[in-house]
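Engineer: Whenever a hint applies, use it, and build me the whole structure from the sequences.
Going down the list, the sequences are from chains S and Z. Residue numbering for the first sequence follows full-length UniProt numbering, beginning at 1 and increasing consecutively. Residue numbering for the second sequence follows full-length UniProt numbering, beginning at 1 and increasing consecutively.
Treat the hints as calculated values from the structure; they're not laboratory data. It should be emphasised that the depicted structure is a prediction, and the values quoted were computed from it without experimental measurement. Don't take every hint at face value.
Any copy will do: because identical chains look the same in the list, a pair fits if it lies in one copy or spans two.
Capping the alpha-carbon separation at 35 Å, the derived lysine-lysine pairs in DSBU-like fashion look like this [what the hints assert, rightly or not]: (1) K91 x K118; (2) K309 x K51; (3) K51 x K217; (4) K217 x K91.
Protein chains: 2
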Amino acid sequence: MTQIFNFSAGPAVLPKEVLAQAAAEMLDWHGSGMSVMEMSHRGPEFMSIYKAAERDLRELLAVPDNYKILFMQGGGLSQNALIPLNLLGHKPEGATIDFIHTGSWSAKSIKEAGKYAKVNTAASNTTAVPAQADWQLTADAAYLHMCTNETIDGVEYQPDFNDTRFKDRVLVADMSSHILSRVIDVAKYGVIFAGAQKNIGPAGVTIVIIRDDLLGKALPVCPSAFDFKLVADNESMYNTPPTYGIYIAGLVFQWLKQQGGVAEMERRAKAKAELLYAALDVDDFYQNRVAPANRSRMNVPFYLKDESKNEAFLAGAKARGLLQLKGHKSVGGMRASIYNAMPIEGVQALVDYLNEFAGR
Amino acid sequence: MTQIFNFSAGPAVLPKEVLAQAAAEMLDWHGSGMSVMEMSHRGPEFMSIYKAAERDLRELLAVPDNYKILFMQGGGLSQNALIPLNLLGHKPEGATIDFIHTGSWSAKSIKEAGKYAKVNTAASNTTAVPAQADWQLTADAAYLHMCTNETIDGVEYQPDFNDTRFKDRVLVADMSSHILSRVIDVAKYGVIFAGAQKNIGPAGVTIVIIRDDLLGKALPVCPSAFDFKLVADNESMYNTPPTYGIYIAGLVFQWLKQQGGVAEMERRAKAKAELLYAALDVDDFYQNRVAPANRSRMNVPFYLKDESKNEAFLAGAKARGLLQLKGHKSVGGMRASIYNAMPIEGVQALVDYLNEFAGR
Chain S
1 MTQIFNFSAG PAVLPKEVLA QAAAEMLDWH GSGMSVMEMS HRGPEFMSIY
51 KAAERDLREL LAVPDNYKIL FMQGGGLSQN ALIPLNLLGH KPEGATIDFI
101 HTGSWSAKSI KEAGKYAKVN TAASNTTAVP AQADWQLTAD AAYLHMCTNE
151 TIDGVEYQPD FNDTRFKDRV LVADMSSHIL SRVIDVAKYG VIFAGAQKNI
201 GPAGVTIVII RDDLLGKALP VCPSAFDFKL VADNESMYNT PPTYGIYIAG
251 LVFQWLKQQG GVAEMERRAK AKAELLYAAL DVDDFYQNRV APANRSRMNV
301 PFYLKDESKN EAFLAGAKAR GLLQLKGHKS VGGMRASIYN AMPIEGVQAL
351 VDYLNEFAGR
Chain Z
1 MTQIFNFSAG PAVLPKEVLA QAAAEMLDWH GSGMSVMEMS HRGPEFMSIY
51 KAAERDLREL LAVPDNYKIL FMQGGGLSQN ALIPLNLLGH KPEGATIDFI
101 HTGSWSAKSI KEAGKYAKVN TAASNTTAVP AQADWQLTAD AAYLHMCTNE
151 TIDGVEYQPD FNDTRFKDRV LVADMSSHIL SRVIDVAKYG VIFAGAQKNI
201 GPAGVTIVII RDDLLGKALP VCPSAFDFKL VADNESMYNT PPTYGIYIAG
251 LVFQWLKQQG GVAEMERRAK AKAELLYAAL DVDDFYQNRV APANRSRMNV
301 PFYLKDESKN EAFLAGAKAR GLLQLKGHKS VGGMRASIYN AMPIEGVQAL
351 VDYLNEFAGR
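Structural biologist: Next up, the structure:
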């Protein structure tokens, strides 16, 4: 097989070492005679896998003891409903949720939350995150929801926690496409959630990290299988969890630790992103439309100035083993997703091709 | 590795041929240079996997054209909420759902549905399904829900479709633990659902087969990610589906076709179940408490008359490679789950051990 580099936005590239180990263990995990797929989720073999995955993720993100880590199903998209369904039970009718709108994913979150509460878009800009001082926050909002990396729009940011308005405010962050790529202070958030299929593992696993005082506030119509408190009280086994996906996620967590953890991933992400944006910025042959301060290190959308060359660009890329560079259909153009498992050699190969195609 | 036989109730044994193929293709699916886990769900590679899986399942169960097959997340348990959330939108306040209570799973369904509607338990018995003529059905019920194989209680049955009360009644069947093990007439049902982790594939995939006139009736509070109509309209890709689980399910479907399809699985299931129940019935050393007409071909719970020997029984079984025979904690005793992927040699090995342990 030819060396390929897979720039898919998700499901996305995984570490080769993880896939090789999964292949080797497929028919017989550690002499058990069983595949991980065949294990009872409550048996000692899978419980050891689960506990190691939870422990390693807790270590990687330095998750404080008063936070629960849930391994759920449904994807990041489902959390747009499950977050209000789980957090609004203590609020009277008429609760308001504040949102920061920075792209397609926060837009979806706003729309879905409108089914359960009043929504207030406190700030809105999909190419440059408005100054935090200008956010129009509601005094008694149930919580503030933000998507700190917009996978489609390529906008990444971190809130300024020195903002005195954040005191006692519950922050909910959708970190689906940049979790584990930068050091974060979990204690500043009420809920962090992430679909697995970017930096964690296969599609079908969703991570929820929640401060324990926020459990037990579900609306009566919240399905039991998705009630955070029931999931937490049963160590993610209130119903059968996506066992194989959790196993792969656990292997990714081990790989991350071997590589040096999240700080090392952040160092590499900066280096990869700087390399790629520099090539895009040489002249106006390519364009990235995001304000430099908010450019994502994970998802790099770009446009050819002459869009009639799009098909030729993609065909040439494919011929060089540079795959899945087409942009999301809603915004067009190109997109290179450069998650943790993308080696810098892949970014360098893309940069070489960008220069070659531009005739530099 | 020693030959083992895995009697887990789920996640459960998978065909060795399927696991071997998955291992061989793990790093490079069909020369794509990618693992199936790394593929965009909307790319041509995964779309071909998805379409083949859907087509093969449709063929195996002879699903009529006016039924949609959905590949969802959340597990069978989540459907206890998602079914009422999706079917009650056209009913005025005060809708009633009829249930047949035959064990732990239908009991859970009844409890959960009570969050969304009035529930009527039309019949209740966890060891012998009441005669259908005695079911106390509601004239204008939104639908009738039944679990046609109770995984924990080992009760299996099929409704009598000659019952004139069934005309125009919407039947919802939880077939999680016996789907694809017997020939069914899909056209008699409104909705069939099944968690994958018994006869289909890995945990984390849920199959929903729904008659198309039942789509578009969701309650406003139904999360979009679980709205059957949105899922159907987007070919199960309204949000990112559990791609790797669908791939494994597709391999299982291919295996089933190679083995002779559902009719052949039914023939084997009968043979395996007869062999096992005959050994349990020799004398009163072992007991199965289910009425013979309702004994499950998939899940065979049994008790030692002298329960002080339970630990010795399980230890001896494990020493012979007969794994995961402990009964569910809620009912105790033993349970042998003998799904499609369990060869008759495994059942024979268990029977030999049953006889040996009983001193026959």
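Engineer: Each of the hints needs a verdict: does it hold here or not?
Structural biologist: Against the structure, the hints:
1. Within a single copy, K91 and K118 get their C-alpha atoms as close as 12 Å, and across copies as close as 26 Å, so both meet the 35 Å cut-off.
2. For the identical chains of this complex, K309 and K51 are inter-copy neighbours only, at 31 Å across copies versus 50 Å inside a copy, given an alpha-carbon limit of 35 Å.
3. For the identical chains of this complex, K51 and K217 are intra-copy neighbours only, at 26 Å inside a copy versus 40 Å across copies, given an alpha-carbon limit of 35 Å.
4. Taking identical chains as interchangeable, the C-alpha atoms of K217 and K91 lie at most 35 Å apart whether they share a chain (9 Å) or sit on different chains (28 Å).
Violation of the numbered hints given earlier is absent; every hint is satisfied by the structure.
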